[in-house]
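Just so you know, the sequences run in chain order P and G. Residues 1 to 315 (the working numbering) are what the first sequence spells out, left to right. Residues 1001 to 1315 (the working numbering) are what the second sequence spells out, left to right.
Note that these hints are calculated values from the structure, not bench results. Note that this is a predicted model, so its numbers are computed, not measured. Hints should not be assumed to be uniformly reliable.
Residues from chain G shown here face chain P by an in silico Cβ test under 10 Å; the list is partial [as the list claims (entries may be wrong)]:
(1) 1065
(2) 1216
(3) 1245
(4) 1248
(5) 1249
A virtual CB, placed ideally from N, CA and C, is assigned to each residue, including glycine.
Protein chains: 2
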Amino acid sequence: MRALIFDGTLRLDRAALDPQPSGDQALLNIRRAGVCNTDLELIKGYMNFSGILGHEFVGEVVAGPDDWRGQRVVGEINVANGVCDLCQRGVPSQCRDRTTVGIDRHPGAFADQLALTTRNLHRVPDNVSDDQAVFVEPLAAALQTLEAVHIAPRDRVIVLGAGKLGMLVAQVLKLTGADLAVVVRREKQADLLKRWGIAAVARAELPNARAQIVVDCTGQAGGFADALDLVEPRGTIILKSTYEGLPQVNLTRVAVDEIRVVGSRCGPFAAALRLLSAGLVDVTSLVEARYSLEEAVQAFGHAAQQGVLKVLIEP
Amino acid sequence: MRALIFDGTLRLDRAALDPQPSGDQALLNIRRAGVCNTDLELIKGYMNFSGILGHEFVGEVVAGPDDWRGQRVVGEINVANGVCDLCQRGVPSQCRDRTTVGIDRHPGAFADQLALTTRNLHRVPDNVSDDQAVFVEPLAAALQTLEAVHIAPRDRVIVLGAGKLGMLVAQVLKLTGADLAVVVRREKQADLLKRWGIAAVARAELPNARAQIVVDCTGQAGGFADALDLVEPRGTIILKSTYEGLPQVNLTRVAVDEIRVVGSRCGPFAAALRLLSAGLVDVTSLVEARYSLEEAVQAFGHAAQQGVLKVLIEP
């Protein structure tokens, strides 16, 4: 099959080995996959990744257990062993022995096919399109902010970073009824946010130390210092950014102002599918370009440009 | 009166102005005061402090409102304005306009007398001695770990830093029934912890990524990296350390492992008095030396030595 490989260089392999699904795995024909900032970090060396990239996808089961065959599905990316203490405590996404689709020792979805354990699959409702379904993984990650922290209707909330993930986080947080503002630098994002009824503001418009919750979706080391300036004493910073590098952090300020910093990663697929099925989140407006798998390397070039939102790849 | 002043140099002022209590203030004769690590940071330049040091104390009210006169009292250190949004929400310790006794624009307790608003005073029960009462402020700060985070009996908890504050945090956390270990480097601390039935361990004995809760009481920038190594995914780091400087922090690890980092500062005096009155915490074993106010500068020299626990100053 064809697959987008990174092994130090990014290239399309037209003769990649076909996946050989094991007993608990389904074989999926990939229908659509999305390029994520993590993909762009991986090809810069993050996680020392080598293999087939891609972890946002929707596919059709073409082989595997009977009850899955023919189903249109999305797949959680953490493949857990099911037996470690964190799995036993109901946190398989943090399994001590996990692999991660397209990120850590598991083949990804920028390919014709993918074999994945059926434990990770979720059926896609008929009223959720392929274009919508490909956003389930990042939308679930956006929803994880609400799993990690109680955001109340009275809260003042700021989202830092109006990129691919920030635009989903903003839409999810809007549903809480909280007083929400998103810091933007680009007109395209500002226009979309306004269309969704979400305040788009410049950083300079925001007073310091007044937000109960700040979500750092900047994907950059500098995001945290900005979040620390904006959050009020006893407030919460939710960290969604992952990147190479170790920023200098004012931890004394965290202690003195009694700030909470909450890391947040993968989220609930079922809830993301419910929101999409209910039409409560607009994801298709985030699609900026489509490429065939043949053009996958160009797709990455496009996705890496500043300010570009979602780039999709279709086999 | 006499007062220990820091104005770039640390010195005893034998002709300091007597406090002139205003309407809502009580005038206290200081009976005993304790030297804290924060005092040692202040004379290194932390907070740009200038004035009379000292924020751990017990005193007797000699002038002020009738119902307070003659009472033996301890005092909360944050003097709040009572009207800001944080005061209104019941968090006066984070008042946006606060001064802080002996730390920030409010005279401290290494003096013959101190004037302090009666709103900050707590009566000391008869069965709590002066030596015990002088620990109410740091014991309350230790209890703030439990205000900030729910520590459950099943949790594995590690305290990093067996200094003045760490030894109080350890005793408070022992009361939760959690599986507690304190990282120690000195025999004196190890012996005290063993006497209290608390496990004292070397850092090398502890496996990484296994503690649900790690409390950083090291008072040093390096403490956080150690805490991050010890805490398990989805675990919590409680920050008690304040110091000058900005450590490099692996925030990506915080996000990926979904760690919570919770800053914690001043705590509940009433609860600290209840624990002392009930005899549930041993503070007097932490007293390492006593100095008169005349010898206060020497007291600081002693307190600054590595591994020294509590040094008291008595007018």
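For each hint, the structure was consulted:
no., hint, result
1, 1065, "30 Å, violated"
2, 1216, "9 Å, holds"
3, 1245, "8 Å, holds"
4, 1248, "4 Å, holds"
5, 1249, "4 Å, holds"
In summary, the one numbered hint that this structure violates is 1.
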